[in-house]
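Asks: As you go down the protein sequences, you meet chains A and B in turn. Just so we're aligned, residue 1 is where the first sequence starts under my numbering, counting upward by one. Just so we're aligned, residue 1001 is where the second sequence starts under my numbering, counting upward by one.
Hints are supplied without guarantee of correctness; some may be wrong.
With a straight-line Cα cutoff of 27 Å, these simulated DSS-like cross-link-like pairs (lysine-lysine) come out [what the hints assert, rightly or not]:
1) A:Lys148 x B:Lys1111
2) B:Lys1146 x A:Lys63
3) B:Lys1152 x A:Lys89
4) B:Lys1146 x A:Lys3
5) A:Lys17 x B:Lys1152
6) A:Lys45 x B:Lys1049
7) B:Lys1068 x A:Lys89
8) B:Lys1157 x B:Lys1146
9) A:Lys17 x A:Lys89
10) B:Lys1146 x A:Lys89
11) A:Lys63 x B:Lys1150
12) B:Lys1150 x B:Lys1111
13) B:Lys1152 x A:Lys3
14) A:Lys63 x B:Lys1157
15) B:Lys1111 x B:Lys1068
16) A:Lys45 x A:Lys17
17) B:Lys1152 x A:Lys63
18) A:Lys3 x B:Lys1049
19) B:Lys1157 x B:Lys1111
20) A:Lys3 x A:Lys17
21) A:Lys45 x B:Lys1152
22) B:Lys1157 x A:Lys45
23) B:Lys1049 x B:Lys1146
24) B:Lys1111 x B:Lys1146
25) B:Lys1111 x B:Lys1152
26) B:Lys1068 x A:Lys3
27) B:Lys1146 x A:Lys17
28) B:Lys1049 x B:Lys1111
29) B:Lys1068 x B:Lys1150
30) B:Lys1150 x A:Lys3
31) B:Lys1068 x B:Lys1146
Don't read these hints as lab results, they were simulated from the structure.
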Amino acid sequence: MFKCRFYRFLIRLIPLKIVQSFVIQHHFERCPRCQLLLAQPEEVKSLLLQPEAFVLSEEWLEKVVARARIEDKSQYRSRVFLGRSLGWKTMVVASIFLLLLIGYFVFQRLSLSPGNTEKAGEVVFGLEHLRVRGKPADPVIYRPFGSKLIFIWGQSHNLQENK
Amino acid sequence: MMVEMLGAQAMSLAVNILRNHEDAEDACQEAFLQAFQNLSQFDQRQSLKRWFLTILYRRCVDQLRRRKRFYRFFAKLKKEGGLSHAEKNTEFSQAERKILTRATLDSLPPKERAAITLWALEGYTAEEIAEILGCRASTARVYLFKARQKIKALLEKQHV
C-alpha cells in the first residue's frame, strides 16, 4: 500500500516521460491495486465509436475514388506532406539558425571594416627623421578617422625660435 | 480494396480523435488518397494497417490544426463584432455546437485520445502506438496511462 502511494507520488513529482514510463512499466502495469485506478479496455470501448458503427456507403467509396482520379499526384504532394507538417518547434529552430547565420555574416563584415584591417595589418609606415629646410624638425602625423589620407606636419625648431 | 478493408476502422479512429464526423471524413479521404499515391513507398515487411493508420493519424493532426485556426478566426470575429447578432446566433452557435460536442473523451488531449483509441479498439501495445503517433514508446505509454487514469476518474465521478 505504501509502495503504491510512493509510486503515485513519484509519477506526479517527476514530469519526465522516461521516468514516468519506467514507473508505469515496473509498477502500475503489474500492481492489481493500481490497475483498479485505471480504466479497463471494456470501459473505454463503451465510450468510443466502434468500427461496427460505420457502414461505408457506396457514395462515400465513390467520393474517395473520384477524388483520387481528379487530384493530380504532383498537385496533391504540394498540398499535403507525407510526414508531419512544419510545427512551431521547427519554425523556432529555423529562426534561430537564420539569426545565427545573419550574425555570423555581420560579424565577418565588421571584422573586415577599415578600422579593423589596420589593427590586423600592423604599422603601415615608419618615419625615421624629418627635416625642414635641411634642419631637423618635429613631425606631427594625423589621419582622419575612416580616411586613407595621412597628413604629416613638420615643425622646425629654428622657425619656432625665430617667432 | 483498401478502402473497403480499412474504411470502417479508419473512420472509427478519426471520429474518436477528432470528435466530428465531417472532419473525420475529410481526414479519411485524404489519408486514403495519400496511401494510394505512396503505395510504392510501403515496406512489405510492415503491417499495411499500421502504415495506413500512421498516415491517417497525421491527417487527423492536420485537421485539428485547421480547426484551431477556425476557432481563432471565429474568436476574432466575435471580438471585433464582425458577425451580426443574427449570424452570431445561427452560424456561430452551429459551429460551436458542431465542435463542442462534449463527452468524456473530449476532455482528453488528441494524443491521449488517439493512444487510448488504438489501445482499446485495436489492442495495440505502447510500442505499436508509438510507431503510429511518431513518438517514443515511453511517451506513448505515458499518454495511455494518463488517458486511462483520467477516464477512470471521470467515470467514477459520473457514477457518484
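Asks: All the hints need checking, so say for each whether the structure fits it.
Replies: Comparing the hints with the structure gives:
1. With a CA separation close to 66 Å, the supplied pair Lys148 of chain A and Lys1111 of chain B exceeds the 27 Å bound.
2. A C-alpha spacing of about 38 Å is found between Lys1146 of chain B and Lys63 of chain A, which places the hinted pair above 27 Å, so the restraint is violated.
3. The hinted pair formed by Lys1152 of chain B and Lys89 of chain A fails the criterion: a straight-line CA distance of about 33 Å is larger than 27 Å.
4. Straight-line distance between C-alpha atoms of Lys1146 of chain B and Lys3 of chain A comes to about 19 Å, which keeps the hinted pair within the 27 Å bound.
5. About 21 Å separates the Cα atoms of Lys17 of chain A and Lys1152 of chain B, which keeps this hinted pair within 27 Å; it holds.
6. For the suggested pair Lys45 of chain A and Lys1049 of chain B, the alpha carbons sit about 20 Å apart, so the restraint of at most 27 Å is met.
7. At roughly 17 Å between alpha-carbon atoms, Lys1068 of chain B and Lys89 of chain A fall within 27 Å of each other, so this suggested pair holds.
8. Proximity of Lys1157 of chain B to Lys1146 of chain B is assessed by CA-CA distance (about 16 Å); at most 27 Å being required, the pair is judged to hold.
9. As the CA atoms of Lys17 of chain A and Lys89 of chain A are separated by approximately 19 Å, the hinted pair is consistent with the 27 Å bound.
10. Restraint check: the Cα-Cα separation between Lys1146 of chain B and Lys89 of chain A comes to about 24 Å, which is no more than 27 Å; the hinted pair holds.
11. Pair hint Lys63 of chain A plus Lys1150 of chain B does not hold up; C-alpha atoms about 38 Å apart against a cutoff of 27 Å.
12. Under the criterion of a C-alpha separation no larger than 27 Å, the hint pairing Lys1150 of chain B with Lys1111 of chain B is consistent with the structure, at around 14 Å.
13. Taking the CA atoms of Lys1152 of chain B and Lys3 of chain A, the gap is near 21 Å; set against the 27 Å cutoff, the hint holds.
14. Taking the CA atoms of Lys63 of chain A and Lys1157 of chain B, the gap is about 43 Å. The hint is violated against a cut of 27 Å.
15. Taken as a hint, the Lys1111 of chain B and Lys1068 of chain B pair is honoured in the structure, with Cα atoms around 15 Å apart against an allowance of 27 Å.
16. As the CA atoms of Lys45 of chain A and Lys17 of chain A are separated by approximately 26 Å, the hinted pair is consistent with the 27 Å bound.
17. For the proposed pair Lys1152 of chain B and Lys63 of chain A, the alpha carbon gap of about 39 Å is over 27 Å, so the pair is violated.
18. A threshold of 27 Å between alpha carbons decides the hint, and for Lys3 of chain A with Lys1049 of chain B the separation of about 40 Å lies outside it, so the pair is violated.
19. Under the criterion of a C-alpha separation no larger than 27 Å, the hint pairing Lys1157 of chain B with Lys1111 of chain B is consistent with the structure, at around 23 Å.
20. The straight-line distance between the Cα atoms of Lys3 of chain A and Lys17 of chain A is roughly 20 Å, inside the 27 Å bound, and the hint therefore holds.
21. Restraint check: the Cα-Cα separation between Lys45 of chain A and Lys1152 of chain B comes to about 12 Å, which is no more than 27 Å; the hinted pair holds.
22. At most 27 Å may separate the alpha-carbon atoms for a hinted pair to count; Lys1157 of chain B and Lys45 of chain A meet this at roughly 18 Å.
23. For the proposed pair Lys1049 of chain B and Lys1146 of chain B, the alpha carbon gap of about 26 Å is at most 27 Å, so the pair holds.
24. Taken as a hint, the Lys1111 of chain B and Lys1146 of chain B pair is honoured in the structure, with Cα atoms around 11 Å apart against an allowance of 27 Å.
25. At most 27 Å may separate the alpha-carbon atoms for a hinted pair to count; Lys1111 of chain B and Lys1152 of chain B meet this at roughly 17 Å.
26. Note on Lys1068 of chain B and Lys3 of chain A: the hinted pairing is violated, with a Cα-Cα distance of about 42 Å set against a maximum of 27 Å.
27. Distance restraint check for Lys1146 of chain B and Lys17 of chain A: the Cα-Cα separation of roughly 11 Å lies within the 27 Å cut-off, and the hinted pair is therefore satisfied.
28. Between Lys1049 of chain B and Lys1111 of chain B the CA atoms are separated by roughly 19 Å; this keeps the pair inside 27 Å, and the hint holds.
29. For the given pair, Lys1068 of chain B sits about 23 Å from Lys1150 of chain B by alpha-carbon distance, which is consistent with the 27 Å threshold.
30. At most 27 Å may separate the alpha-carbon atoms for a hinted pair to count; Lys1150 of chain B and Lys3 of chain A meet this at roughly 21 Å.
31. Note on Lys1068 of chain B and Lys1146 of chain B: the hinted pairing holds, with a Cα-Cα distance of about 23 Å set against a maximum of 27 Å.
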